[in-house]
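Each protein sequence line maps, in turn, to chains A and B.
Heads up, the first sequence is in this note's numbering, so the first residue is 2 and it goes up one at a time.
Heads up, the second sequence is in this note's numbering, so the first residue is 10 and it goes up one at a time.
Since the hints were made in silico from the structure, they are not lab data.
Take these hints with a grain of salt, some might be off.
Unchecked claim - Using 27 angstroms as the maximum straight-line C-alpha spacing, the simulated DSS-like pairs for lysine-lysine come out as follows:
| no. | chain 1 | residue 1 | chain 2 | residue 2 |
| --- | --- | --- | --- | --- |
| 1 | A | Lys53 | A | Lys30 |
| 2 | A | Lys53 | B | Lys131 |
| 3 | B | Lys22 | A | Lys306 |
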Amino acid sequence: MGILDAPPQAIEERFGRQLGRPVRLVERKLAGEGLSDETGVLVLDDDGELRKVVVRLFRPGAMARHEVDPRRLHRLLVALTATPVPVPQPLWFDADRSLFGESYSVVAWVPGIAVVPWSPEGRKYLAEVGRGPIGEDFCRILAEIHAIDQHTADVGFLGVPPAGTAFAEAEIAQLEDYLRRVADEPEPIIVDGLGWLRANVPASERIGLVHGDYRTGNVLFGDDRVNAVIDWEFARLGDPLYDVGWVCCPSNRVDSDLVCMILPQEEFLARYERHAGCRVDRDALHFWITFHQVRHAVMWLDAGKKVRDGQIDDLRLARMHYTMPTMRAMVADCLAYT
Amino acid sequence: MISPAQMLLAIRKELTTSVLPAITDDRARSSVIATVGILGVLALQVREDDAWLADSVRVLSAGVRRWPVEVPDEVADVRQYRRQLLAAITELIRRIWDGEADSALLPDIRGVLHADLELQLKRTR
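Chain B on its own, in the form it takes in the complex (with noise of 0.2 angstroms):
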C-alpha cells in the first residue's frame, strides 16, 4: 500500500522538478509554490482512514462463517484481519476452479465480494 504522506510527497516532487521548470507565467509559478509548500505540511498531517475496514470485515466474515473454511481468530489490527479473511475466500475460489470445492458456493461468495468491492468503490468517487 502506498501511505498517503508517501503520496503527498511524490506529488510534491513532481511539482518541483517537472512542472514548475515548464511554467513561465509568474502567477502559474507561485501558485504551484504554494501548493508545494502546503503539499509538504499536510505530509506530515495526514493518515489513512481505515473507518471502512470495520464495515468490510464485517461484510467478509459473515460470508467465510458460512463456507468450508478455517476461520481466521479475529484479532486487533482489523486491516490484518481483512487480509486474513480475504486470504481464505481466495483459497476457497482456488479449491473451487481446480475442483476441490463445491462450485455451487461461487454465486455467494461472489456476492459477498461485490459488497466488499462497493465500500472500496465509495472511498474513490
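Pulled out of the complex, with its shape left as it was, chain A reads as follows (with noise of 0.2 angstroms):
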C-alpha cells in the first residue's frame, strides 16, 4: 500500500476535505528523492487550476526512525513559515492510515532543481553553482536557520536543550543506544569513535533551530537563489554546529575538495561565521564531524539490518552495507588512525 496504491476518488474526497473544497486528481508519481519515506507529486484539478502539492509517506521501518516524529515535523513547518527560511508551505499532516496505508503529510510543491550530491552531474552543477549566489544562499540559509530559537519562533515544543555539555551527550547517549539496537557484529572502530566523542564533549557555546541533515542533496535550487530547505525530519533544538559539522563530514563530500561538493571548506566556514556573526570553534568542530562520521557509520549499518531482515527492499541501502568498510575507515580518519 503506498501513494500510487489508493484509489482516486478516496484522494479526492479525503485531500478535498483537507483544503475545503472538491478536487480532482488529475496525476500522480513517486519522486526518487527519498530514501526510505516514500514521496509522491500529485497534481490535483482544484476549481480550475492545475495545483501540485508533494505526500510523504512515513515508513516506520525507516532508517534512524527513532528520531523522527512525523507530526512534530509538520508543526516545525507551520512555524517556519513565519521566519525568513524558505520551506514548503505545509498543508496538513493526516496520521490516518487508511488511505495510503501509513500517517503522511502534505506541502505544497517548490519549483526548482533537486540535485543527487554524488552523481557526476550533481556534483559538476554545484560546483558551478557555488561560486555564485547559490554558493552564498547555503551559507547565509544555514545561519538564519541557527538565529531561530524558542524566542523567535514557535519552536519551543522540539524541547530546549540546557546549555553546557547536556546536547553532545545526549547525541551520544542516543548513537550507543542506536549502535546496541543495529550492529550483528563487533564493531571496535565505531566503539573507539564513540568512546572518543565522550571524551571530547565541547560546551554548547548557543542553542538554535538544527537541521539536522543540512546538505545540498536536501535543498531546492532556483536559477541563482535556495528555493527551499527541504526534509527537516531530524530538526531539533540544539548545538548549531551540529549542521555545520554534517555540512563538513567527508562522506558528504567523498573524494571531492568542496563540502557538500560546493564550497571550499574554510570558504564555506569563513561566509557563515560572516552570516552567523560568529566564529566556529575548530576543535569543537571537530567533535560534530567525528559525531556525523560515527552516526552515519551506524546508519549504515540499520541500512544493512533491515535489508537483510527483508524491512526493506531499496537497493540504495543495500548499497550503503556494501560500503560499511568505507564508513569504518571515514571514523578511523577522524581518530587518526595511521
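With the hints as a guide, bring the two chains together.
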C-alpha cells in the first residue's frame, strides 16, 4: 500500500475535505529522492486550476526512525513559515493510515532542482553554482536557521536542551543506544569513535534550531537562489555546530575538495561565520564532524540490517551495506588511525 | 550479513518490478530481461568469498595476544573466530575509554584495526 495504490476517489474525497473544497486528481508519480520514506507529487484540479502538492508517506521501518516524529515535523514547518527560512508551505498532516497505509503529510510543491550531490552531473552543477549567489545562499540560510530559537519562533515544542554539554551528551547516548540495536557484529572502530566523543564533548556556545540533515541534497535550487530547504525530519533545538559539522563531514564530500560538493571548507566556514556573526571553534567542529561520521556509520549498519531482515528492499540501502568498510575508514580517519 | 544470493535476488526483483516497467525501448528491455535471467542462475551458484578471513584473523589475533584481554580459543569456523577476536578488542576499547585499561595501548590497537580495515577495503575496490 502506497501513494500510487490509493483509489483516486478516496484521495479526492480526503484531500477535498482537507482543503475545504472539491478537487480532482489529475496525475500522481513518485519522486526519486526519498531514501526510505515514500514521496509523491500529485497534481490536483482545484476549481479549474492545476495545483501540485507533495505527499510524504512515513514508513515505520525507515532509517533512524527513532529520531523522527511526523506530527512534530509538520508543526515545525508551520512555525518556519513565519521566519525568513524558505520552506515548502505545509498543508496538513494526517495520522489516519486508511488512505495510503501509513500516516502522511502534504506540502505545496516548490519549483526547483533537486540534486543528487554525489552523481557526476550533481557534482558538476554544485561546483558551478557554488561560485555564485547560490553558494552564498547555502551559507546564509544555514545561519538564519541557527538564529531561530524558542524566543523568536514557535519551536519550543522541540524541547530546549540546557546549556553546556547536555545536548552533545544526549546525542552520544542516543547514538550508543542506536548502535546496540543495529550492530550484528562487534564494531571496535565505531566503539572507539564513541569513546573518543565521550572524552571530547564540547560545551555548546549557542542553542538554536538545528536542521539535522542540512546538505546540498536537501535543498531545492532555483536559477540564482535557494528556493527551499526540505527534509526537516531530524530538526531539533541544539548546538548549531551539529549542522556545520554535518556540512563539513567527509561522507558528504567523498573525494571532493568541496564541502557538500559546493564550497571549499574554509570558504564555507568564513561565509557562515560572517552571516552568523560568530566564530566556529575548530576543535568543536572536529567533534561534530567525528560525531556525524560515527552516526553515519551506524545508520549504514541499520540500512544493511533492514535489507537483510527483509524490512526494506531498496537497493540504495543495500548499497550502504557494501560500503561499510569505507564508513569505518572515515571514522578511523577522524580518529587519526595510522 | 546479506548473502550474495539474497542480494542477487533483490537486484533481480528490482529490475523486474521497478526498472523494466519504465523502459520502453525494445532493445533495452530485452537486455534487462536477459540480465534478470542470468541473475537468477547466478543466485544458485554464488557464495561468499571467505578467503580474506584467514589474513584478518592472523592480524587480529597477533594483536590480541599482546594485550590484556582473554584470548578466545581458536575455533574451526574462521568467521566465528574473527567475530570473537573483534568482540575482545571492542571490549578492551570500551575499558580504555572507561578508564579501566591503559590508554597507552590505543595506538597499537588502532594500528591493528587499521591493518584489518585495509583487508576489508581491498574486497570493495
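Exercise. Give me the numbers of the hints this structure contradicts, sorted from smallest to largest.
Key: Going through the list in order, the structure violates hint 2 alone and respects the others.
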